[in-house]
Amino acid sequence: MKTLVEELRERFPEQVRSSGEPVSGQVTILLSGPDVTGIVRHFLDEYQARLVTVFAEDRVSAEGVFYNYYVFDRPGDPNLVILKVPIPKDNRLFPSLAAELPAVNWQEREIQDWFGLEAAGHPNPRRVALHDNWPDVHPLRKDFPLDTVLPPFEGEQHVYRPAYGEGVFQIPVGPVHAGIIEPGHFNFAVAGEPILYLQLRMFYTHKGTEKLFENLPIHRAVFLAESVSGDSAFSHGTAFCEAIERAAEIEVPARAQFMRTILLEVERIANHISDVGAIANDVGFVIANAHAGRVRELMLGLSETLTGSRVLRGMVAIGGVRRDWQRAQVEAIEDALKIVEREFRDLVAIVHSSNSTRERLEHTGILSTEKAKMLGIVGVGGRASGVDLDVRRDHPYDAYRHLSFRVPIYQAGDVRARLQVRIDEVGESIQIIRAAAAHLPDGSHRAPAQRIPPDRCAMSAVEGWRGEIVYWVRTGDGDRLERCKVKDPSLNNWPAIVEAMEGNIVADFPVINKSFNLSYSGTDR
Amino acid sequence: MFRILQKTFSVGAATADYPRVAPHLAEQFRGCPEFEFDIWSDARPAAEACPTGAITVFDRDRMRKVTVDYGRCIYCGECEQATADGAVRMSRRFELAAADRRDLVLTAEYKLHPDGRHAQLQSTSSGPGADDTPRRIADAIQSLLGRSLAIRQVDAGSCNGCEQEIAALNNPVHDISRFGIHFVASPRHADMLLVTGPVTRNMELALRKTLAATPAPKIVVAVGACGISGGIFGTNYASMGGVDAVIPVDVYIPGCPPRPEALLHGILLALGRVRQRRL
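Protein sequences appear in the order of chains P and B.
According to the working numbering, the stretch in the first sequence is residues 1 to 525, in order.
According to the working numbering, the stretch in the second sequence is residues 526 to 804, in order.
Hints in this document: simulated from the structure, not taken from any laboratory.
Keep in mind that the hints are not guaranteed to be accurate.
To be verified - Stretch-level coverage of chain B by chain P, calculated; a stretch enters the list once three of its residues show a Cβ under 8 Å from a Cβ in chain P:
#1 550-563
#2 579-592
#3 616-626
#4 636-649
#5 789-800
Claimed, not checked - Per the computed footprint, the stretches of chain B lying under chain P, defined by three or more beta-carbons under 8 Å from a beta-carbon of chain P, are:
#6 681-688
#7 745-758
#8 775-784
Just so it is clear, CB atoms sit at the ideal spot from N, CA and C, and this is done for glycine as well.
With the hints as constraints, model all of the structure from the sequences given.
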């Protein structure tokens, strides 16, 4: 049996240099130069692999080059495969994959904006992460200080694709929206009611997060990870800590692994409940949302009992969790779940009892399996469109390897399917929590603090309630990070909304948008 | 239909009676930290542990000035963990909203031992206390609109944590409409902007335009550690810091995120319907 590296070296002898140091859950393979098109094709065709993310790193002062990293998930392979590709500092071109692989469209443009590398042949190479009226700066370069003061903006310069034709209009919406939601701009081109196409503009909440990670001591950076996407504080915090733990080979005690698993599922349930209510609300079924808001409060109360915070902040730590649980806290889990399970069942019955609600949700905002795969859609939106992915099952972390659960998959790809995935997942999560709480090991809740060695690289993946959250870190000297890549599932899921909107009417946009419920802050960072 | 009515009647009233009745808090709930300055033997470990720079020390000539800024605090509890002598304790307090930014800051001055530990507390100080700014605006709004208030929420760069708790004000448990207060879809219909931050470079213009579109009299409330000070993001190439770096702010509501009752307290404070609490 040949190893992956041997196999690749046979096929691409010129390109494959070496494999990096082994890190649990991943294989890193160093290539000789920027041209990855052949080898990427090989991964997609031969292994039916999925390109998880593409990102860059400035190693000019340390090694004289930039690196691009291409991360692949191969079905059945417990390891993620990372291709590490040097880009010379005086010839900063890399071949764009976006024309063939729309999933990387924004990510390649991020690399352009943040590092000043050029995605050669990108079909739409305009700026994405830094808006058009930014000066010519590349903030993730090492020679760009975090606190650089940039000159004030002079007006808006972004040009949206125009729409022509009799009776064709454009409706600009945002960045300040009508609801209590995050900022982004949507530009609808409409002919009467139906939408011709939707243009998205994001990154309004870009706050220099990846750069800031390089400027904080690692123990403080955990709190920054909690603030990448505030509704996923625990999943982002956990994903960050697991990347550090893998890099530093820190063994997380079994008790902490089970506690993390329980809290990840608590976060999932609380958010899924509010999405079920919000989807009903967006088609005018207000009473269901009122019940959902009430049931969600029960989960937030449990969160407060388990962590001291309604939104699970300040709990996860490198090496485990910050606070242990007393017996009464563990007992509170089942007390709360019993009520939530009953109340959620009633809520679902109310939602399903309304024919007019079902009418609005079925066949609305359809994302086909083919498009979902092409765009690399992950998480709830993917599973509702037949994309059978779940990090908890495919690359188990924490206590998930000890627990059995079902991953709900639907083929319809409409709003109702996305609603149903959430409903099913709440049921599964309740069972996961019960099993984890019943088998909660004794012992320590946190590994002893230890020095994080410099120049270690590691990646982690966590199934947040939206989908796959990925962190990649390179540690530095003196309790610092050299680089921290954050990928929220929303980053590749936003284009799904563009596809799902086509041919729908403007009035259905809120419910279609809500059925994906993507993070703006997680995308924009 | 019958099912819906049956469920609704069987649940009964879900609404809590805050602020008349204190909210139910879990035993483990972490509010803000409290400081016993006179027994505090060393502020440096807490300052080193604080992820947002809410606790800072400044040493000169064998003297130390310790500053505690509740406008940066995220209630994480790291300062308590780092402090051996019990001078820093997490409390259950969350009603910290203030009309004056200075009211969120405490300072203490110490004489130092040669090893850098505190020898003697010299003085402490806090902000000037509530002034009448919110009262004046509250009076203007009250005379115009009676008890009703329309709020436009503006996310100027937040992580969406504050938005979750603000949205919870509309659920049946917190039900802000019982105060005659409701959220509106446009700044043109609003009396109050409830703004979260940090204000990003990419949202600065939108925030200014939103304020300009709000008819006078208007109140601006900054929400959360990031809305008050930039929080853990501070100011950087992409973040302008707190809301008051861009537009004037009338009331500040600390927290990360502020729990719904803390938001209610701050909003009612802006209307002059509750009193500011001393730190």
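Confirm or reject the coverage of the region 579-592 of chain B by chain P under the rule of 3 or more residues with a beta carbon closer than 8 Å to the chain's beta carbons. Since three or more residues must qualify, the claim that chain P covers the region 579-592 of chain B is violated, with 0 doing so at under 8 Å.
Outcome, coverage of the region 789-800 of chain B by chain P - at least 3 residues whose beta-carbon is closer than 8 Å to one in that chain: violated (count 0)
Closer than 8 Å Cβ to Cβ for three or more residues is the test here. Does the region 775-784 of chain B pass it with chain P? Per the Cβ count (3), the hint holds.
Do three or more residues of the region 636-649 of chain B come closer than 8 Å to chain P, measuring C-beta to C-beta? violated (count 0)
Confirm or reject the coverage of the region 550-563 of chain B by chain P under the rule of 3 or more residues with a beta carbon closer than 8 Å to the chain's beta carbons. It holds, with 6 qualifying residues against the three required.
Three residues minimum, CB to CB under 8 Å: does the region 745-758 of chain B make the cut for coverage by chain P? Let me know. Since 4 is at least three, the answer is holds.
Taking 8 Å as the C-beta cutoff, is the stated coverage of the region 681-688 of chain B by chain P satisfied by three or more residues? holds (count 8)
Can you tell me if the region 616-626 of chain B counts as covered by chain P, using C-beta to C-beta distances under 8 Å and a minimum of three residues? violated (count 0)
Consistency with the previously given hints fails for numbers 2, 3, 4 and 5, ordered from lowest to highest.
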